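Trainee: Next come the chains, spelled out residue by residue.
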Amino acid sequence: MDEVDKIIMHQLHQVDPAIEPTEELAEFTPEQVVRAVSSCLGEIRPDVQLPRSLPGGAMAQRFSVASSLAEGCKDAGYRGDIGYQTFLYPNAVELRRLLMFLIEQLPRERQAAEDGVGKSQSLSHREILQRKIRKELATQLKTPWVPQFARSVGNRKSLGCSSLCIDFRPHINLSVPSANPEERTKEVQQYFDQLAPNIFQQTASSSVDLIASVLHKNELERWGPELPDSLHLFSGIEEVAPPLLPKVSHPVDKSSTSGTEEEVSPLEQLSNEVQELRSQCESLLMERKSHAAALAASKLRESKATEEIGRIQPVLKLHERTSLVLADSEQNLNKLEALLKSTQAKRETLTQQWQEYRKPLLETLETLKTAKEAQHVQGIRSNIEQLEQELQAKTKQHNELNATLRSASQSLAPRKEYTRRIHEFIGNIRKQRADIFKVLDDTRQLQKQLNVVGAQLQRQFNYTDDLLFQSAKHDLHAKRAYKLLAQLHANCSELVECVSLTGNVTKQIRELEVQIDGEKLKNVLTSLQQITGDIQKFEQHIQELQGQISAVEQAQVNNGGS
Amino acid sequence: MEKPPPPEDSGLLSATVVAGLKSLGNIITPALTKLLIANALKLTLHPDATIAPVPELYASNAACAKQSEYAVVTLLSLATKHGWDGFMLRQQLDHLSINSAAIEELTRVYEDNRKDLVLRQLQLGHNFPHITDIQWRIACDVKSSTSDCSTGVASFYINLGHFRPSSGERVTIVEFVCNAEELQSLINRLKEIERHCSQMAVA
Chain X
1 MDEVDKIIMH QLHQVDPAIE PTEELAEFTP EQVVRAVSSC LGEIRPDVQL
51 PRSLPGGAMA QRFSVASSLA EGCKDAGYRG DIGYQTFLYP NAVELRRLLM
101 FLIEQLPRER QAAEDGVGKS QSLSHREILQ RKIRKELATQ LKTPWVPQFA
151 RSVGNRKSLG CSSLCIDFRP HINLSVPSAN PEERTKEVQQ YFDQLAPNIF
201 QQTASSSVDL IASVLHKNEL ERWGPELPDS LHLFSGIEEV APPLLPKVSH
251 PVDKSSTSGT EEEVSPLEQL SNEVQELRSQ CESLLMERKS HAAALAASKL
301 RESKATEEIG RIQPVLKLHE RTSLVLADSE QNLNKLEALL KSTQAKRETL
351 TQQWQEYRKP LLETLETLKT AKEAQHVQGI RSNIEQLEQE LQAKTKQHNE
401 LNATLRSASQ SLAPRKEYTR RIHEFIGNIR KQRADIFKVL DDTRQLQKQL
451 NVVGAQLQRQ FNYTDDLLFQ SAKHDLHAKR AYKLLAQLHA NCSELVECVS
501 LTGNVTKQIR ELEVQIDGEK LKNVLTSLQQ ITGDIQKFEQ HIQELQGQIS
551 AVEQAQVNNG GS
Chain W
1 MEKPPPPEDS GLLSATVVAG LKSLGNIITP ALTKLLIANA LKLTLHPDAT
51 IAPVPELYAS NAACAKQSEY AVVTLLSLAT KHGWDGFMLR QQLDHLSINS
101 AAIEELTRVY EDNRKDLVLR QLQLGHNFPH ITDIQWRIAC DVKSSTSDCS
151 TGVASFYINL GHFRPSSGER VTIVEFVCNA EELQSLINRL KEIERHCSQM
201 AVA
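Line by line, the protein sequences are chains X and W.
When we follow full-length UniProt numbering, the leftmost residue of the first sequence carries the number 1, and every step to the right adds one.
When we follow full-length UniProt numbering, the leftmost residue of the second sequence carries the number 1, and every step to the right adds one.
No lab work stands behind these hints: they were computed from the structure.
The structure presented is a predicted model; accordingly, all values stated were derived computationally and were not measured.
Treat each hint with caution, since some may be false.
[Said to hold, decoys possible] Between beta-carbon pairs, the in silico distance windows are:
1. W:Asn188 - X:Gly224: 16 to 26 Å
2. W:Asn188 - X:Asp167: 28 to 38 Å
3. X:Glu219 - W:Ala59: 52 to 62 Å
4. X:Glu183 - W:Ala59: 48 to 58 Å
[Unchecked claim] Heads up, incomplete: computed chain W residues facing chain X, CB under 7 Å, no partners named:
5. Asn127
6. Lys143
7. Ser144
Built from N, CA and C at the ideal position, the CB exists for glycine as well.
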């Protein structure tokens, strides 16, 4: 039973962390029982209000709390024997049965919810929103149906959601007397005084809405006066722009307007002007194009010429030099040879110098290279050492983890163990069932045999009885034999009765033994002691109350007397 | 000619509204002011109900009364729109130096009917229509303009609509034709929506 208790404790701790797990259910105090059961019931039926704890003082309150919890358990569908005694004088067997039932009844989504609760501190906005949506949907699903026309009344609590949408359609020409009475003419004033409909009449038609209309008009009046100013601004800009054009077209304009001033309307005049300007523009464009082409051709020629010059100049220089050299050939040849020699000598010395410089540098390069390699090797070595250390640490850790895993799997590994045991149980139960069937078969066969033998005996007896009775009429011995037979029969039936009675008694004894075992489990003695204690408390309380009542009565009598 | 004050001076109210509010309790007598405010509120809250007219409002100085009616309705609508409480409303009105009895009455009426005003203005707006009624019939064509014989297919003519709140008249929102298979798939999709909804609710 230890494991069952452990499972129950674990589940209870999940339901209500305030419940302190104890080793066994037998150690549960009545307070803990009440706490556990009411937490479970609260999870199963969140809508029902139940007492959360057992009051310490008065017996009557304790009794009422226990009875209401018992009622709650019965409502949740618990079939077993339950009453106030289950909570006030708990015994392990009944409690185990009750808690197992309640834990089975716990809603399944608890697990998922539990996971969510763990992270509740870091709820993101998204999750909060999702929760709100969920809540809203849940309430919407639970709300009763309301006819469309009753929705504005029926769904008041949710503020709207009424399915009655009025379009925002303002009356755009609402006529209301303006702010300053002085601005109005006499006729307007008269119209407003007598004929003008009020705003409710103006918005009475179903195509416009009163509130939309007044909001619209209010905004229009607030921002309306600003609009003309901005229009003015635009027109100013347009006025600045035009003067650029007329300058060009001025002479043409004059000639065209002077002749036919009267017939030509301003529009025609303007279009003529535009035509003129357009043709002018086209001709100018053409001109520009031809000029551009000429410019491009000249540029091309220029670039060709510069190229030619660039090619010719080096050739010219070469020619100049050769002519200089050829002017005094012998002397120049000598000079050149001397120059060649000196240059060679110079070169040799330079090579020598270079070699001198190069040697030490090469040497240093060599030494540096070897040093670098050595350093590299050193680095790799240290790296290897480090890695080895790391590897050792890791292996150690791995071993430790392995050990913990093994111990954990040993201590936990309940599933496999449980299934194995369950299989074992089932096998045992099957075996027992087969045995029971066998015994039942045996019993049935025995019964059959008994019946057969009994019937045979009966027939035999009847026959013998008849025979002896017939002969008893004539024979004295036969008469005696008949009497003996009758006695024998009576004795035998008595014996049979005795045997069956013995059987019944044994059966009853066995039943009683089972009952005694059951009652022994419930440790009646201690609960009886508790009950007697409580009864004594009650009696004490009653006596106190009676004393108080009599004191009050005495006081009243005294008051009446005085 | 006096230019109307710029918007930032008078807050959210236009000059006409301010003028209308100022004549409450001054040009219009206190008794009539009360009557006018009550009448304006009633007509604002129940635009479709038939409410008995109050001719005595317009007996003298009708133009002023009409202006004030407009002003009261606008004030209440704006206060509701911007979620003012009674205190805020009183502050705004005090700022405009309006008759104190009128302020008292306006604030009281606004505070008493604030929830109804909110409900009334929550309904106002542009939205897709709710579907609250469905009509349907089964129909089959006998012949068409291009063919003399029937297709022999019975179709469902389905009409989704709602009732206009003001007149109770039925308005068609959408009308469509489908055969049994299409109808089934539509129903399945709708059921899917419902399932999703309840899953969202319990998950």
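Trainee: The hint names W:Lys143 as touching chain X; please verify it with the least Cβ-Cβ distance against 7 Å.
Mentor: 40 Å, violated
Trainee: Evaluate the given range 16 to 26 Å for the C-beta pair formed by W:Asn188 and X:Gly224.
Mentor: 55 Å, violated
Trainee: Please check whether X:Glu219 and W:Ala59 have a Cβ separation lying inside 52 to 62 Å.
Mentor: 32 Å, violated
Trainee: Quick check: does the Cβ-Cβ distance between X:Glu183 and W:Ala59 fall within 48 to 58 Å?
Mentor: 24 Å, violated
Trainee: Minimum Cβ distance from W:Asn127 to chain X below 7 Å?
Mentor: Given a least distance of 5 Å, the restraint on W:Asn127 holds.
Trainee: Is the shortest C-beta separation between W:Ser144 and chain X less than 7 Å?
Mentor: For W:Ser144, the interface hint is violated, since the closest Cβ of chain X sits about 38 Å away, which is over 7 Å.
Trainee: Taking 28 to 38 Å as the stated bounds, is the beta-carbon spacing between W:Asn188 and X:Asp167 within them?
Mentor: This hint holds: roughly 33 Å between Cβ atoms.
The structure fails hints 1, 3, 4, 6 and 7 (numbered hints given earlier, in ascending order).
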